[in-house]
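Chemist: Quick note, the sequences are listed as chains A and B, same order. Numbering (full-length UniProt numbering) for the first sequence: 1 to 243. Numbering (full-length UniProt numbering) for the second sequence: 1 to 243.
Derived by calculation from the structure, the hints in this document are not laboratory data. Certain hints may be false.
[As the list claims (entries may be wrong)] Pairwise CB distance ranges, derived in the manner of DEER restraints:
no.: 1; chain 1: B; residue 1: Lys48; chain 2: A; residue 2: Pro184; range: 43 to 53 angstroms
no.: 2; chain 1: A; residue 1: Lys165; chain 2: B; residue 2: Glu105; range: 41 to 51 angstroms
no.: 3; chain 1: A; residue 1: Lys165; chain 2: B; residue 2: Asp39; range: 23 to 33 angstroms
no.: 4; chain 1: B; residue 1: Lys48; chain 2: A; residue 2: Arg173; range: 21 to 31 angstroms
no.: 5; chain 1: A; residue 1: Glu29; chain 2: B; residue 2: Val50; range: 33 to 43 angstroms
no.: 6; chain 1: B; residue 1: Val50; chain 2: A; residue 2: Glu141; range: 33 to 43 angstroms
no.: 7; chain 1: B; residue 1: Arg63; chain 2: A; residue 2: Glu176; range: 50 to 60 angstroms
no.: 8; chain 1: B; residue 1: Arg173; chain 2: A; residue 2: Arg173; range: 27 to 37 angstroms
no.: 9; chain 1: B; residue 1: Gly13; chain 2: A; residue 2: Glu47; range: 42 to 52 angstroms
no.: 10; chain 1: A; residue 1: Asn145; chain 2: B; residue 2: Glu103; range: 34 to 44 angstroms
Virtual Cβ for every residue (Gly too), placed ideally from N, Cα, C.
Each chain is listed here by its residues.
Protein chains: 2
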Amino acid sequence: MKHLYVVGLGPGGAEFMTGQAIQALSRAEVLCGYTVYIDLVRPLFPEKEVFTTPMTQELERCRRALELAQQGKTVAMVCSGDAGVYGMAGPILQMAPEFPDVEIEVVSGVSAALSGAAVLGAPLMHDFCVISLSDLLTPWEVIENRLECAAKGDFSICLYNPSSKKRAGYLARACEILLAHRSPQTVCGWVKNIGREGQESKVLSLEELKGETLDMFTTVFIGASSTQDICGRMVTPRGYERK
Amino acid sequence: MKHLYVVGLGPGGAEFMTGQAIQALSRAEVLCGYTVYIDLVRPLFPEKEVFTTPMTQELERCRRALELAQQGKTVAMVCSGDAGVYGMAGPILQMAPEFPDVEIEVVSGVSAALSGAAVLGAPLMHDFCVISLSDLLTPWEVIENRLECAAKGDFSICLYNPSSKKRAGYLARACEILLAHRSPQTVCGWVKNIGREGQESKVLSLEELKGETLDMFTTVFIGASSTQDICGRMVTPRGYERK
């Protein structure tokens, strides 16, 4: 059987990968992925054949990985974080019916929501939402409605892609929507370059978050109404103390 | 410095642990946790001292771990999945101010939302919510409101703790709330014993899900309106095809 692994690498360094992910990469003859992610794993497997494509060519990358597998190579498509959260597992499975001989295995990894949360404390300890602010693939009205619903549900919220050069001001707009439902003092946080060189993080209020200028390598966390700043850590209680 | 690691093990077997998690357990002199989770890691570290407590004694377990660290032992508190998603990172950080000499490090792992999603396909490829149906710690009205908001936001939804002996019928009530906003044909799925012996999974409609009897070792996934059943896999498109 021809085999294609879709592998989540976790946030960055090899220490964040699962044993299952390392095994999948070891078995693969070809590693496919976005150039930046391939560079993360290349030092571990310097002898492997690689196929890289730039950021915006996701579908071409997926098709090429499936074609290589179809030709009989064992292939691993690498993704940062988890393969199934804004990763390549989706588009590959959507194309799968065209490649019926290729067995596809999704290997999960630690997503930025989880690794970023660990840096800040425990902001996602209770029910939470994950929302991407990128409107490259999703109409802004859909994103706005989800922010509104997440705010009304008093979820902790993790925001991916808080901004980019073309989307300056999106984080401020998101904060505006949330401020209609939550206190300006709501405990928030952000983590930049999670698990990589130059990791930085900050715990701050929703009001302060609105004024921050963050880049696309930053993951943002917005607390629920119950979220606390405990000695500089962002913690959402689950409610054990009420038992 | 006295050190306490709060470590997410992932779904079960050692192959799902990150290198960082294995290193934390290796460094620890005492492993603390719920009996079932300690049994998962004990074969890897048969020589280590362990401290286990039953399911419901979470706060006692956390306090004991902090006390052991305070006394100078390097301690690892183990959690299944991710330490920060319905895990022990929250209660430990809430007690942390009483133990100022203990340095606490949260080590994230692959949560059931991510590992279960990988088994089913890619149901969480776009924005999603994670909601626990357990009302042991959360009033049912809060859970119901979150289900309602998640439905209105057209999020993919991952449900933890879909039922238990005392909470039969909760999953059906949750499905009822979602059916007010989503088609009975909405693609759903569940995974039982993720990454452990006896793993089972099923892709089914929301209408069918309503009639299922599932246990507390099962994680449930409810698709967004765009989620598809592609050759038996549950896939939520992100929208690359619209570019």
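Chemist: Going through the numbered hints above, which ones does this structure break? Give me the numbers in ascending order.
Modeler: 2, 3, 4, 6, 7 and 9
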